[in-house]
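Here is how the chains run, residue by residue.
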Amino acid sequence: MIPVSWYLTLAAILFSIGVYGFLARRNVIIMFLSIELMLNAANLNLVAVSHYLTDLRGQILTFFIIAVAAAEAAIGLGIVVALFRNKATVYADEIAQMKG
Amino acid sequence: MPGNYLPSEYTAVLVMLIFGLIFGGMTLWIGRFFRLRRPYAEKLTAYESGNPPSKSPRFPFSVKFYLVAILFVVFDVEAIFLYPWAVVYDDLGSFALIEMTIFIGLLLVGYIYAWKKGALKWDR
Amino acid sequence: MDTAPNFILTPLAPLAPELLLICLGLLLVVVDLFLGEKRHILPWLAALGTLTGLFLLGNGSGHFSDGLFGGMYILDAYSLFFKVICLIGVLFTVMLSVRYLDTEKMHQGEYYSLLVFAAVGMMVMVSAADMIVLYLGLELMALSVYCLVGLLKSDSRSNEAALKYFLMGAFSSGILLYGISLIYGMTGTTDLQLISQRLTELNLADNTLLFIALGMVLIAFSFKVAAAPFHMWAPDAYEGAPTPITAFMSVGPKAASFAVLGRILLSGFPELHVHWGPLIAGIALLTMATGNILAISQTNIKRMLAYSSIAHAGFALLGILATSNEGVSAIMNYMLIYAFMNMGAFAIIIMLNNRERRGEQLKDYRGLAQTNPVAAALMLIFMFSLTGIPPTAGFIGKFYLFLAAMNAGYTGTVIAAVILSAVSAYYYLRVVRYMYMYDSEKGEAVAMSPSLTAALIFAVIGVIGLGVAPGWVLEMASQSLPALAQ
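Chains as they are written, first to last, in our numbering: chain U, 1 to 100; chain E, 1 to 124; chain W, 1 to 486.
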């Protein structure tokens, strides 16, 4: 058995990569991907702990997170497509019509 | 703690992995000494037979692909709820059936929406 | 599954308002698809459904339940109060939308159904006793609002607003989930009541990892209520969104997020108050300062109201800081009042709106007192209320919040809040100055519509009524509390 702390460490690394990617990259699609990484880090945590504690709640939450993440991705892509039709860019720095 | 754990159960996997890498690498490396190497223009094209590629494959996809992809992702992922449902179906009986019918009914509204909006029509 | 029988026996009658609104949302989608030209009945359907929902909420107010669905869903007076605020917000938004959608030529049936789904999300959120349900409600609300913000598809400002809001919202959801997963890892449960128990049982009150986890949840909700330093999405999202949606965002989701924040902190982590107290105090101070000071330099009134909304979130945080029934009831009271005064102000903005985004710039208000004395007078009342000048409701709201924080011993924070509140008078009253002290450039009369008039009347009654007779709301709010913070 791999101890639960290994999974938690992996999840922490994934989460950090996700946060870094979100903050450092300017391509909107890559930013989405980073967010997905963060969500999956949480999923990994939940599943690992759930298995460790033999408690189902974590896995249930994971199911919901997966489903919601799909909906979120769909909406995000929809917004990007709408934006792309108007402005033809996916770079966050170029999407700055409103400031202040 | 990560330090205290010896992944001895996975040693076999590690050994297998190393052997696989060595075997694959060795085969290619040794092959270099024995194979013939006589390239000519025809051989160097992407496909030895058939048409040469007419343009770069790296052109932007039509937005329609994204639309279909979005729909696919949403409807595909909702199917994960069917798995736990199927597992406990025997225990819950008709209640589970009713619940799932409601759930599928909700999805159906989404489907009808996508349909009526023309999201499923390719040549629009 | 040993929990199965519980699920089967869960009576669905107490959930009538939520179920009704879900059906309404679906109905609106279908009606929009198949009716085509008769779309103008959609807002009336939505309004009727929301009113029925409010009625059902009132009807069910006697039958509270501690735990539907195995303790995951609570119906108590606390959630009821916030549900009423949210539905009032939706009702206002529907009334504001009819005219706006006409002038913007935005005839999308999704609009009203998304609004209704957002309402369901908020209702689920405020009733959640479990992190799973909380997350689902939150996302249902958030996803609907992302779409609503970006619904002006051909307007690149709307697209941009939606994108920024979406990115920040999704990012904060990620942080929230990771925090939840850590809390689950340490306490082995997602049930708020159980978390509180396990914290004492397992002696986790001084665990560093738990602070980090709770900190992540706090950060996520700071994003949701647009508290500084996590507010940067708000001005852009508010400015670019369709105006009724801007109004909705600053009332509904904000109130729901505060409800959840209150429930998490006071019901899940009361033992940790020593730790999150100073943190919230800092966030509240920073939020009030950022909101009020940055609002001064705005010339776009929607953007100014966005900063004002940030500032008001800072004031409301004072109530959570107080960690007392008094504080929480002050928040509830404040959120209700804020709904009325903010909706009123936005109603005036929408009234002035034509296709060229008129009414959004401060200069559009020049001489409004001459061309439209009634509109100017109403705007005056709403601005006074937002500033917190008696006898308007805004004063009462702020007064009780400050009082609660004062009684809890945060005197310094309250003094800062009062000073910043005085600063806010500058930019709110500047609107009044533009309306009354300057001459109009072109005397354009504004067109009224029945629904907009109704919204304005409703808002004015709320602002004045709650200002003159504040007692009963506060009474109701404080009565609802023993269930929350024992």
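Treat the hints with care, since some could be wrong.
[Said to hold, decoys possible] Taking lysine-lysine pairs in the DSBU-like style, the calculated list, with each CA pair at most 30 Å apart, reads:
1) W/Lys-38 - W/Lys-105
2) W/Lys-105 - E/Lys-43
3) W/Lys-363 - E/Lys-116
4) E/Lys-121 - W/Lys-363
5) W/Lys-105 - E/Lys-64
6) E/Lys-117 - W/Lys-363
7) W/Lys-363 - E/Lys-64
In short, the hints are calculated from the structure, not lab data. Computed from a predicted structure; not experimentally measured.
Each hint tested on the structure:
1. W/Lys-38 - W/Lys-105: Measuring from Cα to Cα gives roughly 15 Å; hence the hint holds.
2. W/Lys-105 - E/Lys-43: violated (61 Å)
3. W/Lys-363 - E/Lys-116: violated (44 Å)
4. E/Lys-121 - W/Lys-363: Violated: E/Lys-121 and W/Lys-363 sit about 47 Å apart, past 30 Å.
5. W/Lys-105 - E/Lys-64: holds (26 Å)
6. E/Lys-117 - W/Lys-363: Violated - the C-alpha atoms of W/Lys-363 and E/Lys-117 are around 41 Å apart, more than 30 Å.
7. W/Lys-363 - E/Lys-64: At roughly 43 Å apart (the allowed maximum being 30 Å), E/Lys-64 and W/Lys-363 break the hint.
Checked against the numbered hints above, the structure breaks hints 2, 3, 4, 6 and 7 and satisfies the rest.
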